[in-house]
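Asks: Start from chain H and add chain X according to the hints.
These protein sequences, in sequence, are chains H and X.
Anchor point for the first sequence: position 150 equals 150 in the numbering used here, and the numbering is continuous, going up by one each time.
Anchor point for the second sequence: position 163 equals 163 in the numbering used here, and the numbering is continuous, going up by one each time.
Source of the hints: derived by calculation from the structure; they are not laboratory data.
Please note that a few of the clues may not be correct.
[As the list claims (entries may be wrong)] Selected chain H positions facing chain X (in silico; Cβ < 10 Å):
id: 1; residue: L95
id: 2; residue: L124
id: 3; residue: Q127
id: 4; residue: E160
id: 5; residue: A273
id: 6; residue: K276
id: 7; residue: K277
id: 8; residue: V281
id: 9; residue: A283
id: 10; residue: S287
[Stated by the list, open to error] Stretch by stretch, here's where chain X covers chain H in the computed footprint (C-beta under 8 Å, at least three residues):
id: 11; stretch: 78-86
id: 12; stretch: 130-136
id: 13; stretch: 139-147
If you're wondering where the values come from, they're calculated on a predicted model, not measured in any experiment.
From the three backbone atoms N, C-alpha and C, an ideal C-beta is built for every residue, glycine too.
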Amino acid sequence: MTDATSPAAAAAAAVAAGADDGGRPVTAGAAVTAPATTGASPAPPGLEVRGLHAGYPGRAVVKDVRLTVPAGQVAAIVGPNGCGKSTLLRAVARLHRPDAGTVHAVGADVWGLGRREAAHRIALLPQSPRAPEAVTVAGLVRYGRHPHQGLLRQWSREDERAVREALEATGTAELAGERLDRLSGGQRQRCWLAMVLAQQTPVVLLDEPTSALDLGHAVDVLELVRVVAASGRTVVMVQHDLAAAARYADLVIAMKDGRVVASGTPRDTIDEALVKKLYDVDADILSAPGDASPVVVPRVRRGGGDDEPGAGR
Amino acid sequence: MKDAGGRTTQDTGPLQGPPRRQGRPHAVDVTPPDVTLPDVAPPDVTPPDSTVLRTGTLSWLAPRRGVLAAALLVPLLVVLVALAVLASSTGMSLSRTFSGLLGTADPGTVMIVRDFRLPRIFAGLMVGAALGISGCLTQTLAGNRLATPDLVGVNDGATLAVVASAAGSATGMVGHWWLGPLGAVAAAMLVVLCAGGAGAAGYRVLVVGIGVSTFVGAVSDLVMSRQNDSTAGGVFLWAVGSLNGRDWSVGTPLLIALLFLVPLSLAVGHRLQLLRFDDDVASSLGVDLRVVRAAALALAVALAGIAVGVGGPIAFVALAAPVVAQRLAGPTRVPVIGSALTGAALIAAADALARVVAPVELPVGVVTSVLGGPFLLWVLFRSERTTGKA
Numbered sequence: 001m002t003d004a005t006s007p008a009a010a011a012a013a014a015v016a017a018g019a020d021d022g023g024r025p026v027t028a029g030a031a032v033t034a035p036a037t038t039g040a041s042p043a044p045p046g047l048e049v050r051g052l053h054a055g056y057p058g059r060a061v062v063k064d065v066r067l068t069v070p071a072g073q074v075a076a077i078v079g080p081n082g083c084g085k086s087t088l089l090r091a092v093a094r095l096h097r098p099d100a101g102t103v104h105a106v107g108a109d110v111w112g113l114g115r116r117e118a119a120h121r122i123a124l125l126p127q128s129p130r131a132p133e134a135v136t137v138a139g140l141v142r143y144g145r146h147p148h149q150g151l152l153r154q155w156s157r158e159d160e161r162a163v164r165e166a167l168e169a170t171g172t173a174e175l176a177g178e179r180l181d182r183l184s185g186g187q188r189q190r191c192w193l194a195m196v197l198a199q200q201t202p203v204v205l206l207d208e209p210t211s212a213l214d215l216g217h218a219v220d221v222l223e224l225v226r227v228v229a230a231s232g233r234t235v236v237m238v239q240h241d242l243a244a245a246a247r248y249a250d251l252v253i254a255m256k257d258g259r260v261v262a263s264g265t266p267r268d269t270i271d272e273a274l275v276k277k278l279y280d281v282d283a284d285i286l287s288a289p290g291d292a293s294p295v296v297v298p299r300v301r302r303g304g305g306d307d308e309p310g311a312g313r
Numbered sequence: 001m002k003d004a005g006g007r008t009t010q011d012t013g014p015l016q017g018p019p020r021r022q023g024r025p026h027a028v029d030v031t032p033p034d035v036t037l038p039d040v041a042p043p044d045v046t047p048p049d050s051t052v053l054r055t056g057t058l059s060w061l062a063p064r065r066g067v068l069a070a071a072l073l074v075p076l077l078v079v080l081v082a083l084a085v086l087a088s089s090t091g092m093s094l095s096r097t098f099s100g101l102l103g104t105a106d107p108g109t110v111m112i113v114r115d116f117r118l119p120r121i122f123a124g125l126m127v128g129a130a131l132g133i134s135g136c137l138t139q140t141l142a143g144n145r146l147a148t149p150d151l152v153g154v155n156d157g158a159t160l161a162v163v164a165s166a167a168g169s170a171t172g173m174v175g176h177w178w179l180g181p182l183g184a185v186a187a188a189m190l191v192v193l194c195a196g197g198a199g200a201a202g203y204r205v206l207v208v209g210i211g212v213s214t215f216v217g218a219v220s221d222l223v224m225s226r227q228n229d230s231t232a233g234g235v236f237l238w239a240v241g242s243l244n245g246r247d248w249s250v251g252t253p254l255l256i257a258l259l260f261l262v263p264l265s266l267a268v269g270h271r272l273q274l275l276r277f278d279d280d281v282a283s284s285l286g287v288d289l290r291v292v293r294a295a296a297l298a299l300a301v302a303l304a305g306i307a308v309g310v311g312g313p314i315a316f317v318a319l320a321a322p323v324v325a326q327r328l329a330g331p332t333r334v335p336v337i338g339s340a341l342t343g344a345a346l347i348a349a350a351d352a353l354a355r356v357v358a359p360v361e362l363p364v365g366v367v368t369s370v371l372g373g374p375f376l377l378w379v380l381f382r383s384e385r386t387t388g389k390a
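Chain H extracted, bound-state conformation (with noise of 0.2 Å):
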């Protein structure tokens, strides 16, 4: 669908062409191995959060979470600044531990493993990772295979070929031997993909992977994601953006100071009532041609002068 030759045709593209079926977006990408969770019903869903409640000291972020996400979907987590998106991924994560509730990752409890074993589950790429200095694209993505390393296993052929498999995947192979930092934006953003994608765990959660990049980028990011997803694993990504969600998560999860108000696919879930109560902004919902995805276009506030349409997000 993307035209190679200008990137602002293949951007519009994507955007205005971007599903031909099933409401999903085309992606015609490299297929991604992951660990087997496809197929057999009985399987666990590929992420399980209960009662989950997480925060600081004297203050409460995320409250009474409960989702699930089955294996092979996309889920977007939607909501204003501050609402706890962050946090609950970083629960999930293993990266702060919750009050209360339970996280499990394809039927095993998050929090009951070890750090290591959970990194073989569940991958966060949060939202503006620092690399090490002068790292090259290929060192970067070796980093991913970390939690399947020690000392007597260094090198294993397992993962070599996680990491060629990534990078191919994210189409940073012919960049491998560069150095990360002399990358664009978005060639950064798929190098960290691809080094979450070299972990090989079945879940995948994502900050904002989208935020820091143009609109091109986004895309390809975002096309990137479906190809994960059909692979087999779970995606979660915390999405600023209405749209993208939309237009590329499976599941919607809107979340306003901590609880999840809102779940479910774009379409049943993303209206005028959900953006007023999320976000204080009257929106008008537009059916996007082809798909039928919803689009939110913010309303011009009266009075509001001359530079209103993009500030409700």
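Replies: Same frame as chain H, but now just chain X:
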């Protein structure tokens, strides 16, 4: 430019195999000119600076530069040990030294060579190795090549313990060797306590360490100033760092300690690689950096403390050995073994020099200090140059 680059790699990707791109036939047409074969093997993702060794399920990466450096350092160490055995402040001849080593000379010579020089040299090697590893861990922990274990109070703590023991004893002699490590560990614990935990931030521990060291050093000076000249002289000799008179009674416990601490340091060094990321990424990769930092600091203090207990606070080795080892091994690793070898070589060389260079035998710490000044300047100027380039 930036966008074009990103898009080209996304869409052409000849290495991803054109057959999978059936839905987008145009993608095959835009193969970058630099790739001639569409069916090139997938990229070699093995670290380019290493050789893989595999047997069964075990696998190792042998960093070629590091191995080469070790292959050069080991013979150098052997030569240095040989020179150190021969180095003499009394003018003993080569042939007499050899026959002393082999036990065929007169009992006095045999005793000098076997009971005085050899144990002292081996104690020196181990002290150097311990200081090297300790410095390597500290520098990695702090992310700063000027960080050394004495910044967390190791040297001043050990000195205070030794000074106090000398002042407290009737003879004014320096007490048992283990007083040094004890004082070092106590001072380091005080530092960590003041800094609010070792795991939080390596940098804060170092800053607090400077303050605590100064204070502890002042207490040592105060105690020293109350002593008579002979006690002060004995303590002073210890406090500049000397291997004079070290024998197997200190060498054996040192060896046993190293047998435990070196493998632990290797394991921690492996995990310390992730220190180059932020805490969240490292944690997501299965490593709790707080634990790793605390473990690395504890190991660094233990190693430096033992070294200081045996050899006194020998300056500059903990600073220089890791820097040299890093230069030899390349920038992406935590050079634990290299630092150990370099540290051992530095001490062996300095101690040999100390015994021949002046009419009277110098404490090894004086030699290392004299070498350390220019070296420090070199490090500073080098880092300026490299940051200027990058």
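Asks: Hint by hint, say whether it matches the structure.
Replies: Here is how each hint holds up against the structure:
The beta carbon of L95 of chain H is positioned within 10 Å of a beta carbon in chain X (closest approach about 5 Å), and the interface hint is therefore held. Given hint, L124 of chain H at the interface with chain X, holds; its Cβ is 4 Å from that chain's nearest Cβ, closer than 10 Å. Because the beta carbon of Q127 of chain H sits about 9 Å from the nearest beta carbon in chain X, less than 10 Å, this interface hint is met. With 10 Å as the threshold, the beta carbon of E160 of chain H comes within range of chain X, its nearest partner Cβ sitting at about 6 Å, so the hint holds.
The criterion of a C-beta within 10 Å of any C-beta in chain X is not met by A273 of chain H, whose closest approach is roughly 35 Å, and the hint is violated. For K276 of chain H, the interface hint is violated, the least distance from its beta-carbon to any beta-carbon of chain X being 33 Å, above 10 Å. At its closest, the beta carbon of K277 of chain H sits 30 Å from a beta carbon of chain X; the interface hint therefore is violated under the 10 Å criterion. Interface restraint check for V281 of chain H: the shortest CB-CB distance to chain X comes to about 30 Å, outside 10 Å, so the restraint is violated.
With a least beta-carbon distance of about 30 Å to chain X, the hint placing A283 of chain H at the interface is violated under the 10 Å criterion. The closest approach between the C-beta of S287 of chain H and any C-beta of chain X is roughly 26 Å, which is over the 10 Å cut-off, so the hint fails. By the rule of at least three residues with a Cβ nearer than 8 Å to a Cβ of chain X, the coverage given for the stretch 78-86 of chain H is violated, with 0 such residues. With 6 residues having a Cβ less than 8 Å from any Cβ of chain X, the stretch 130-136 of chain H passes the three-residue criterion, so the hint holds.
Three residues within the 8 Å Cβ limit are the bar, and the stretch 139-147 of chain H against chain X gives 7, so the coverage statement holds.
The earlier numbered hints that this structure contradicts are 5, 6, 7, 8, 9, 10, 11.
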